[in-house]
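S.K.: Taken in sequence, the protein lines are chains A and B. Numbered per full-length UniProt numbering, the first sequence finishes at 398, counting up by one with no gaps. Numbered per full-length UniProt numbering, the second sequence finishes at 398, counting up by one with no gaps.
Among the hints, erroneous ones may be present.
Heads up, the list lumps identical chains together, so a pair's fine if it works in one copy or across two of them.
Claimed, not checked - Restricting the straight-line Cα-Cα distance to at most 20 Å, the calculated cross-link-like pairs of lysine to aspartate or glutamate (EDC-like) are: (1) K48 to E58; (2) K88 to E76; (3) K187 to D344; (4) K163 to D7; (5) K26 to E354; (6) K341 to E303; (7) K85 to E389; (8) K48 to E389; (9) K338 to D371; (10) K396 to E154; (11) K286 to D146; (12) K341 to E184; (13) K341 to D117; (14) K299 to D231; (15) K118 to D7; (16) K163 to E354; (17) K341 to D7; (18) K338 to E45; (19) K163 to E13; (20) K188 to D344; (21) K341 to E321; (22) K118 to E184; (23) K286 to E321; (24) K85 to E321.
Rather than coming from a laboratory, the hints here were simulated on the basis of the structure.
One-letter residues, chain by chain:
2 protein chains.
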Amino acid sequence: MPLQFADRLNNVETSAIRELFKLLGKPGIISFAGGFPDPAMFDVEGIKQACAQALAEEPGGALQYGATEGYQPLREQLSAFMATKGAKDVAPDNLIVTTGSQQALDLLGKCLISPGDKVIVEGPTFLATIQCFRLYGAELISAPVDGNGVKTDELEKLIAEHKPKFVYLIPTFGNPSGAMLSLERRKKVLEMAVKYNTLMVEDDPYGDLYFGEAPPPSLLALSGSVPGSRDLLVHCGSLSKVLSPGLRVGWMIAQPALLANAVMCKQFSDAHTSTFAQATAAQYLKAGRMPATLANVRKVYAERARAMGDALTRELGDAVEFTQPAGGLFFWARLTGKGGKVSDAGEFAKRAIEQGVAFVPGAPFFAANPDVATFRLSFATADVEKIKEGVARLGKAI
Amino acid sequence: MPLQFADRLNNVETSAIRELFKLLGKPGIISFAGGFPDPAMFDVEGIKQACAQALAEEPGGALQYGATEGYQPLREQLSAFMATKGAKDVAPDNLIVTTGSQQALDLLGKCLISPGDKVIVEGPTFLATIQCFRLYGAELISAPVDGNGVKTDELEKLIAEHKPKFVYLIPTFGNPSGAMLSLERRKKVLEMAVKYNTLMVEDDPYGDLYFGEAPPPSLLALSGSVPGSRDLLVHCGSLSKVLSPGLRVGWMIAQPALLANAVMCKQFSDAHTSTFAQATAAQYLKAGRMPATLANVRKVYAERARAMGDALTRELGDAVEFTQPAGGLFFWARLTGKGGKVSDAGEFAKRAIEQGVAFVPGAPFFAANPDVATFRLSFATADVEKIKEGVARLGKAI
């Protein structure tokens, strides 16, 4: 007799994207599909030294059980790291370490979402966020996005109508939108938090990956200028995109009552994040290598983004429209159907695979009302030559 | 206005034990409270070499995103490790890597427990199991335990009456019971799985920590001899007690449909377990250091267990009763109240703290009908001299 699984599993589906990912093993495929950083950019030597230092300095700390809240020297380093990013008043005790920022989402779901609760997300938003919150029974409401991030006037209407448990945003170089929320809209988001007494979750794994000028301050950094907003703000950070996803080190900053409940839930989720990885990350940050690492990552991704934008214009012309991203890992594009070209991104993805290039159609990134003409291209993993070749193949596929 | 948290948080309470743990910082306290391995036994050099090897051999694998199922070379090593423990037919694909075995419990809860579902656990059982399953809305039923583990005749009655979603057992050197389930009872458990079509979860973090003869084979190793039982068995393993808790490397072996759902849930819980830790663990196992590490750990804990048993008899006499454990990390004892001595373990714990020794009262380990005369002593963290001194202090406190 088959097992009877929990009802909550009925809320999610194995994603269509997984099927697509299986094709990535095909020899010669150029992939714009994943959001993986380029391993060639990993500072292997720096991480190796940091790990050796951690084991030399405090082997017990790196190998023993640790506090669920996080390894204290790492919390201190992350507090200092946040200060360099404009959030100067985040004390080590104001943050907890999470097993990647994915776990921060899971803990928010566990702590906050009762079945049937409403949560507003951007349309489109991060796929694993949609599934994560749905597993806890959330009803997701989708707020529209343009090149400047979530449309705050539409968001305000949705908040007033639905009174959500919280609003989840990726304000800076969103996945998949690539969009950067304008300063004006950031202020509006914080004001809405206070006006409607609504919790705002700022997921910020990409904010450090800007190509030219720095983006506007994070919601967290701005919250000091909007009285009452700080207590209604959760900020999630991660070392995955800037240093190494394999460490699985993220963090969450929130008001004390929420952090306390997140810690309780985390205790029963994984006890604590690997102290081995935490102690290594702490030594890495302490060694002062992060600024050079960030500078390198920004430079390489900026070149790739430029190459991809140029190639898209050259090879696909008016068959697609997109906003050139100012940072992050992604192009978000839309098939126009002009000149009788394909306008369904699922169909386009299939043809692209035949031509030897992979990307992800946009529809699954929408919690509601999918736009089937959209698709996401990552420029993180392939180098400039591969990007040119890959986009040329897209030109054939279209 | 305070935040409104999810209803599921009403099912758990911050544990009384946490309060006690806060006192452990008091200078001079000898602790029998935690289930922490002794950091002096960590094979720091071996882990350091394994990590260096992992970064040298495949830095991309150790630092990049990885498959949710686990890092394949580690799955292969764990498959081989299980074979050395009598489970010879566990293919790498029959197991997934979890972030400590705590995460295996969390994934089981997420996959299987709908609010109101019944789950049978041992009374007493692992505290974090109780809270973990309650967070998913489980109603826990407590099956009594004696020195030979869970009483299978009682367990059978409870299964027949309650038709639980699953039964959770720590058959070998249970936490906190220290008990070793007899071979006869192991077979009965497997037969009951088939007879009642009931999933049995075997949590086995301590099975390698035996002092004399090896314990009976695990339920997993025995399942081949009870037709139909293997598909109804989940086995959870961990490197935490034998190598290092800080790596946070555990694993779960189960039938394919359950593993597939666990992988889906894990994808939205933490994406994957730290590949940095996984690759290090894989290299450690590959280097062949585990047998010597296990031999050392067994020898040291055996000495400590003997010292603690002798001291308890000498210092507390007939005021306590206990079964001398044949492995694991714990003594489970009961105050008899003889000679007018204290019979409430909570009161005894307070007095003990005043004398400079800490342990955990037994009541919170019961999902129902707590026995307030019981308490748990760990002999893992303190050395033999400290154990003698600590038990002498217990003698004063009683």
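S.K.: Measure nothing new, just compare the shortest in-copy and cross-copy C-alpha distances for K85 and E389 to 20 Å and report within, between, both or neither.
M.R.: neither (36 Å within a copy, 51 Å between copies)
S.K.: For the identical chains here, do K48 and E58 meet the 20 Å Cα criterion within one copy, between copies, both, or neither?
M.R.: Both: 16 Å inside a copy, 13 Å across copies.
S.K.: How would you classify K341 and D117 at a CA-CA limit of 20 Å: within, between, both, or neither?
M.R.: neither (41 Å within a copy, 53 Å between copies)
S.K.: With 20 Å as the alpha-carbon cut-off, assign the pair K286 and D146 to within, between, both or neither.
M.R.: Answer is neither; intra-copy 39 Å and inter-copy 51 Å both fail.
S.K.: Please sort K341 with E321 into within, between, both or neither, judging by C-alpha distance up to 20 Å.
M.R.: Within one copy only: 13 Å inside a chain, 82 Å across chains, cut-off 20 Å.
S.K.: Go through the copies and call it for K286 and E321: within, between, both or neither, with a Cα cutoff of 20 Å.
M.R.: neither (43 Å within a copy, 51 Å between copies)
S.K.: With identical chains, the pair K48 and E389 could be close in the same copy or across copies; at 20 Å between alpha carbons, which is it: within, between, both, or neither?
M.R.: neither (34 Å within a copy, 42 Å between copies)
S.K.: Can you give me the call for K187 and D344, within, between, both or neither, at a CA distance of at most 20 Å?
M.R.: neither (36 Å within a copy, 58 Å between copies)
S.K.: With identical chains treated as interchangeable, where does the CA-CA distance between K188 and D344 reach 20 Å or less: within a copy, between copies, both, or neither?
M.R.: The answer is neither: 35 Å in one copy and 58 Å across copies each exceed 20 Å.
S.K.: Checking K341 and D7: alpha-carbon separation at most 20 Å within a copy, between copies, both or neither?
M.R.: So K341 and D7 fail the 20 Å test inside a copy (43 Å) and across (50 Å) alike.
S.K.: Given a CA cutoff of 20 Å, do K118 and E184 count as a within-copy pair, a between-copy pair, both, or neither?
M.R.: Neither, since 26 Å and 52 Å both go past 20 Å.
S.K.: For K26 vs E354, is the C-alpha pair at or below 20 Å within one copy, between two copies, both, or neither?
M.R.: within (10 Å within a copy, 67 Å between copies)
Violated hints for the displayed structure, listed by number in ascending order: 3, 6, 7, 8, 10, 11, 12, 13, 14, 16, 17, 18, 19, 20, 22, 23, 24.
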